[in-house]
Amino acid sequence: MSVTAIEIVDVEKRFLRTYALRSVSLDIGSGITGFLGPNGAGKTTLLRILATVLAPDAGRLRLFGLDPARTGDRLAIRRRLGYMPQEPGFHRHFTAFEFVDYVAILKEMTDRRVRHDEVRRVLELVGLEDVMGRKLKALSGGMRRRVALAQALLGEPELVVLDEPTAGLDPEQRLRFREIVSVLAERRTVVLSTHQTEDVAALCERVVVLNEGEIPFVGTPSELAALARGAVWLADERGPAAQLSWRTGEGRHRNIGSAPELAELVEPTLEDGYLMLLGTRPREEVGR
Amino acid sequence: MSARSIPLPAASRQRPRATVLPLARLEGRRLLRHPLILLAAALLLALDFLSILFFDETDADGYAWSLSVPFMPFAAALLVVVNLAALRGVRDGADELYGSLPTTARTRTAAHLVSLAWALAATALLVALSVLASMSRGGHVPGIFPAITAPAMIALCGALGLALARWLPHSAASTIGVVGLFVLVNGAGSASESRWGLLLLAFVALTILFGALALLRDRSRLT
Chain C
1 MSVTAIEIVD VEKRFLRTYA LRSVSLDIGS GITGFLGPNG AGKTTLLRIL
51 ATVLAPDAGR LRLFGLDPAR TGDRLAIRRR LGYMPQEPGF HRHFTAFEFV
101 DYVAILKEMT DRRVRHDEVR RVLELVGLED VMGRKLKALS GGMRRRVALA
151 QALLGEPELV VLDEPTAGLD PEQRLRFREI VSVLAERRTV VLSTHQTEDV
201 AALCERVVVL NEGEIPFVGT PSELAALARG AVWLADERGP AAQLSWRTGE
251 GRHRNIGSAP ELAELVEPTL EDGYLMLLGT RPREEVGR
Chain W
1 MSARSIPLPA ASRQRPRATV LPLARLEGRR LLRHPLILLA AALLLALDFL
51 SILFFDETDA DGYAWSLSVP FMPFAAALLV VVNLAALRGV RDGADELYGS
101 LPTTARTRTA AHLVSLAWAL AATALLVALS VLASMSRGGH VPGIFPAITA
151 PAMIALCGAL GLALARWLPH SAASTIGVVG LFVLVNGAGS ASESRWGLLL
201 LAFVALTILF GALALLRDRS RLT
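Protein sequences, first through last, are from chains C and W.
Letter 111 of the first sequence, counting from 1, is numbered 111 in this note's numbering, and no numbers are missing.
Letter 37 of the second sequence, counting from 1, is numbered 37 in this note's numbering, and no numbers are missing.
The following block holds chain W by itself, in its conformation from the complex (with noise of 0.2 Å):
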């Protein structure tokens, strides 16, 4: 008997944008979890107490390195975790699986990307502890460009490690990335008020051009 189209279930009429959402809440869910994740979070609240302790509250340079330099480490675990994550499938042997599954390489990518959401409410989280604490001691009180900076600084590293996952396709390039936001990021501490808005609009753009970047390289077509 020759083959015949057999219509499809209707159940399993999905719009694979669908499964964004909850891909991204897995992925956002064990990116927070991820031991690094956590012991760089731990060194931020440490080096935050600490710079409540050196610094003249009123100092509006070290009020600038708190909102800067203690988010560097969180900034790089967070790239080089979602680097990790990106590069599971590559990683554990599983790229022949996922290339069996109706969601493409694309949409796991859109996953990753979405998932550095639940990065930002925790940055956002930081942030905001340490704008509290530095007001509750009568100090200085932020514009809102410094005060963003910091997570787009963790969207930006986010965005890295998953562009480097997807065109660079080796753990080692993480390491590569971590160098490159700390020769980026090296003019935050120092930056005046003024600068911010400028360092913001550079992270932001970067952040969607390496976001971009990781989209378009969908490697899940057929060899």
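The following block holds chain C by itself, in its conformation from the complex (with noise of 0.2 Å):
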């Protein structure tokens, strides 16, 4: 059984009277997890907080079993880790290599030589060799996610927190991203937030649900399909009574809840049971 590199007991963070976390307990060991939840869900909040970037309001957490509210520990932790944050803020007038190499001066890495290997091994990994040259205002929104993932996997981080890091990336990047995630995470602990099922179907060993600053789910990619076995039906007509309908690509319409008449049974999918978890929303509005 793996080491738990995160210990979260009732951690709870307010913005003014909005509580974007509400007593959020969570064990993390090593591999991938992933947190789902729909916008606004506390997931970036949960991130920052694990990035030490943020302090809890309450509650107990500890990294490596280290504190990061003690300044110490929260300097050793940050040694330790790897934040690629939501908006990661680039230089536009750095090149890519200036950007990570700067970065890497941050975490530390003193010896030019050193660090100039490292930035260019990272930059590679990402598949960036060829750009690293390049300003960063010239590269494409799918490069640049490229290089805030180079910058955060410097030093061969033992923890690596990910927001989005999917977003705006082409099939074939987010292949390449799936490739590198797992590589990493054979010996380390990857936290990732995203809002493709699909990655983490594909990638997490562990899901975590998060909604409304609370975590309604905690388990494999298939315990959260599960959630929805029994009751994901293939059907030519919208089903009257389905908590949640939408017409698929070959023109059948996917529901889920209760049967439509002459419906087919089908396995559920990792988003069926999200969607089955968190869909309160309307028919109407999701299957038009």
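Calculated from the structure, these hints are not laboratory results.
Hints are supplied without guarantee of correctness; some may be wrong.
[Stated by the list, open to error] A few chain C positions that, by computed beta-carbon distances, are all more than 12 Å from chain W:
id: 1; residue: 10
id: 2; residue: 39
id: 3; residue: 51
id: 4; residue: 88
id: 5; residue: 148
id: 6; residue: 172
id: 7; residue: 212
id: 8; residue: 219
[Said to hold, decoys possible] Cut-off 25 Å, straight-line C-alpha distance, at most; resulting in silico cross-link-like pairs (DMTMM-like, lysine to aspartate or glutamate):
id: 9; chain 1: C; residue 1: 135; chain 2: W; residue 2: 92
id: 10; chain 1: C; residue 1: 135; chain 2: C; residue 2: 98
id: 11; chain 1: C; residue 1: 137; chain 2: C; residue 2: 186
id: 12; chain 1: C; residue 1: 137; chain 2: W; residue 2: 96
id: 13; chain 1: C; residue 1: 135; chain 2: W; residue 2: 95
id: 14; chain 1: C; residue 1: 135; chain 2: W; residue 2: 96
id: 15; chain 1: C; residue 1: 137; chain 2: W; residue 2: 95
id: 16; chain 1: C; residue 1: 137; chain 2: C; residue 2: 124
id: 17; chain 1: C; residue 1: 137; chain 2: W; residue 2: 92
Given the structure is predicted, the values throughout are model-derived calculations rather than measurements.
C-beta atoms are modelled at their ideal positions from N, C-alpha and C, and glycine is treated no differently.
Both chains are sitting in their own frames, so use the hints and assemble them into the complex.
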């Protein structure tokens, strides 16, 4: 069994009167843990807390057994952390190499030759070796996301926190990302948030669903998918009593919830389970 | 399984101060490569050339002018460029990323302060050129104080730009700094030889004050 790298007990975070996190408790070990949830669920807040950028208002947090509220511990955690924020804040006049090199210095890589080798390594890892001399303002959104990923991988951190890493990546880049992260997670703890259920299904050993600052589900992707077992139907018509329903590309209707007439029961996907768990919106909103 | 402390790998046990020099080197190089600095340096050389053409080489006032006024656009440019560099994280929204890294805002500020050495070296070179040009025409040979007042003014402007970035984190604040600079240095052109020492002392004291103020503002605490 993997060592628990992250221990979260009754963590709360409020912004003015709004609760971003309510009494969240979770243990995370090595491997890849994916956070799924709608916008405003608290994913980014939780990842910022794990990245030691935000402090929780209440509760207990330990990263590698260290308390990020203590200055010395926080520094030790940051030395073992790689973080890719949702909006990394690129310096547009830096080249890709200069930006990653700058972050490498801020990660205390002081030996110039070793640092430059490491910068080249991570840029090659994300497939940017041909554009490392180009200014960031000249790179596409997807390439910039890869630069952001590259800086998070500097120094082979033991804990990698990735906020929406696949946003803006094309399918080929997403596959490359999955490859990189799955290799990375063989010896480390990777925590990522995403809206892409396919990424979670393909990559994550564990899924944490966040909704309105709470965790309604923690388990494996297949356990999340299993929540919708016996409740996913394919039919020619929209089911009148279905909790959620949408028209597939093949022209049939996928219904979650009660079975419509002449419907065919199908195996649920992770997305079905996720929608089943959170799908409280009226059917009309989804089906259009 | 409960969380347990894992020993840090030896390679990551670095002294935070060790980051200052590599960071300062990077900032110093970027500082000197900035278009505004390059433009100001060209203007400085042009003004210096004009002062050689129009002032009597033996005129101490003219010489004082050539060692102060041409350096003011350079000093103003440095103030703005240092301010922009120190505000990079705020302007580009990178503070969240910086906040997750082991190097604190104070270390970054210290690196910006050290990076002023690159600007000082460039200024010293420009002063030396100016002095050599004057001496080659048999002109006034400066005392030590007038010769180092221009670099001192440059250091002051850099420290002011940095202090403004840390206490008033808005690009417009550097404009206030530039106006303040011109008010402050207004008397330099007419300073008599005997007053150079005082002026220099004031510049050094203010540089230390602004540098300390910038360092005091460590915004890397958890929120």
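- Message: Hint compliance check: list the failing hint numbers for this structure, sorted ascending.
- Response: 3, 4, 5, 11
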